[in-house]
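Colleague: Going down the list, the protein sequences come from chains A and B.
Be aware that the first sequence starts at 1, since it is given in the working numbering, and climbs by one per residue.
Be aware that the second sequence starts at 121, since it is given in the working numbering, and climbs by one per residue.
Some hints here could point you the wrong way.
To be verified - Dumping the calculated EDC-like pairs for lysine to aspartate or glutamate here, alpha-carbon to alpha-carbon at most 20 Å:
#1 K453/B x D99/A
#2 K226/B x D241/B
#3 K453/B x E71/A
#4 K366/B x E71/A
#5 K366/B x E206/B
Bear in mind the hints are in silico, worked out from the structure with no lab data behind them.
Since we're looking at a predicted model, the values are computed, not measured.
If you want the building blocks of each chain, they are given just below.
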Amino acid sequence: MKVHVGAAAEFEEGDRRIIDVKGRRIGVFRVDGRFAAYLNICPHQGGPICEGQYFPQVEAVLGADGTLVTERSNPDRPQLVCPWHGWEYDLRTGVMVADEQIRLRTYETVVEDGEVYVVA
Amino acid sequence: MSLYTRSRIPVENTLLNARLQAADRGYDDFVVVDVDAHHYENRAWVDIVPYMEDGPLKQWAESMVKRGGGGGASAALTGVQLGNQEVGGRIIRAGRNFSDPLDTVKDDRHPDVVRMLWAMDQMGIDYTVMFPTPMLTLGLHPQVEVEVALARAYCRWLTRELLPQDDRIKTMIYLPFNDPAETLKMVHEFKDVPGVVGFMVTSVRHRMVHHNDYVPVYAAIQETGKPLAFHAAYNWTEPSMTQLNKFISVHSLGFTTCNMIHMTNWIINGLPERFPGLKVLWIESGLAWIPFLMQRLDNEYMMRTSEAPLLKKLPSDYMRDMYFSSQPMERHKNGRALEVTFEMIDAPNRLMYSSDYPHWDYDVPAVIHDLPFLDDKAKRQILGGNACEAFGLDPTVVRKAPSRG
Ligand code: FES
Numbered sequence: 001m002k003v004h005v006g007a008a009a010e011f012e013e014g015d016r017r018i019i020d021v022k023g024r025r026i027g028v029f030r031v032d033g034r035f036a037a038y039l040n041i042c043p044h045q046g047g048p049i050c051e052g053q054y055f056p057q058v059e060a061v062l063g064a065d066g067t068l069v070t071e072r073s074n075p076d077r078p079q080l081v082c083p084w085h086g087w088e089y090d091l092r093t094g095v096m097v098a099d100e101q102i103r104l105r106t107y108e109t110v111v112e113d114g115e116v117y118v119v120a
Numbered sequence: 121m122s123l124y125t126r127s128r129i130p131v132e133n134t135l136l137n138a139r140l141q142a143a144d145r146g147y148d149d150f151v152v153v154d155v156d157a158h159h160y161e162n163r164a165w166v167d168i169v170p171y172m173e174d175g176p177l178k179q180w181a182e183s184m185v186k187r188g189g190g191g192g193a194s195a196a197l198t199g200v201q202l203g204n205q206e207v208g209g210r211i212i213r214a215g216r217n218f219s220d221p222l223d224t225v226k227d228d229r230h231p232d233v234v235r236m237l238w239a240m241d242q243m244g245i246d247y248t249v250m251f252p253t254p255m256l257t258l259g260l261h262p263q264v265e266v267e268v269a270l271a272r273a274y275c276r277w278l279t280r281e282l283l284p285q286d287d288r289i290k291t292m293i294y295l296p297f298n299d300p301a302e303t304l305k306m307v308h309e310f311k312d313v314p315g316v317v318g319f320m321v322t323s324v325r326h327r328m329v330h331h332n333d334y335v336p337v338y339a340a341i342q343e344t345g346k347p348l349a350f351h352a353a354y355n356w357t358e359p360s361m362t363q364l365n366k367f368i369s370v371h372s373l374g375f376t377t378c379n380m381i382h383m384t385n386w387i388i389n390g391l392p393e394r395f396p397g398l399k400v401l402w403i404e405s406g407l408a409w410i411p412f413l414m415q416r417l418d419n420e421y422m423m424r425t426s427e428a429p430l431l432k433k434l435p436s437d438y439m440r441d442m443y444f445s446s447q448p449m450e451r452h453k454n455g456r457a458l459e460v461t462f463e464m465i466d467a468p469n470r471l472m473y474s475s476d477y478p479h480w481d482y483d484v485p486a487v488i489h490d491l492p493f494l495d496d497k498a499k500r501q502i503l504g505g506n507a508c509e510a511f512g513l514d515p516t517v518v519r520k521a522p523s524r525g
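Let's have the full structure, built from the sequences with the hints guiding it.
Modeller: Shown next, in the form of structure tokens:
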């Protein structure tokens, strides 16, 4: 079933909309000009993952000899962070950062004639 | 423009998903008790200080409140805890680092009561046992008399101002444990006060729980029939903990080691034999430490029996007689670890659900309800039945039924 979300032009980079599809709340995000859609239920304890914030992934920088040089934020790897307890997911894919076997429930999105739809 | 400028969105109800869980799982059919949730007493010193007894300590506290206002006084009164609870702002807590409609709602009751009842309604909880927050580390205060004075004022304020506002909120009395004589006085003062369901020692301190000075305290609490709880926390300035460079590390170890130390002294010195009717409850260390300590102590006791002459059975047998709160319940990928833990601690009769809400690692009731290896009876005992029995609460459902609406 295709569910209408809104006009693509209404979404700036990072904008989201949470829609209700027969009692299921689904978050639709614009990232890199594309649309990603996730069920608003975190695999941890069921928190509202789609209401979470974006944080750049934290990376450690090591020297050639293995010493730790620094830790830094990488804004090119945006994460969606669950507001309940902080589980972190790749905003583009819904894959959990700490354990790739854990993924958000994702939905296909399509853009037709400038309108965004979720296949749910 | 960077997507990070659109990182945060307004949210009306940060616990909506918990309410949906409660409705879907039918928590309105049975009583749910949360044996450990918190409020932020640090905002309330302006109201608490008037409950202090007249004298120089009250003058000091009043001057701190005057200087720092209600919240600002807290650091000077109870001390500052180093921390990064919200993981650099990633975790959102309504009323703490996130504003929701409840922040400005008009209500005659105290804001902490309003906030607590709201969270309970969302999660489907009938009764909550409420504790303070910064006072969890007040046991480190070098002035013993400060712990005594603040604890007494806080407990009087809590039981006279807040608890009478709603019968669903209970407390275990904060004991100023660094002073055994004053602790005993507190037990007597509060044992029959409405809303008081037990007594609580904050575990972060440096006192030997088996010291003879505490014998009258344990006898008096045993006499009341109410539980004695040890509530864990972390202390980053503890010498061994200063080696740890991340909050994750000190939080993982601090909350377990403080209770392990008290539990070890409690068992090895035979306190369960000396106070067989005293109900003891261990709060907020999760569950993984219990099988660890059971195995460790049993193994050593078999080799060094003469060092623990009061024991009539294995250390783990005494631990199995005790109560434990569930949060933060470690749910390892290998689910058998948790299943074995439940078996080792006799969870259907001894485990009590706790949320620890609104602290950052809180557990919603579904963490118990959704466990695949528990039957319905065990789930209900853990979510409320065991607490009702231990605390003498009426096991009738009292909350408004949560709904999807
Ligand atoms: S529910 Fe999402 S991190 Fe816990």
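Colleague: Taking the earlier hints as the rules, which of them does this structure contradict?
Modeller: The structure conflicts with hint 3 only, although it agrees with all the remaining ones.
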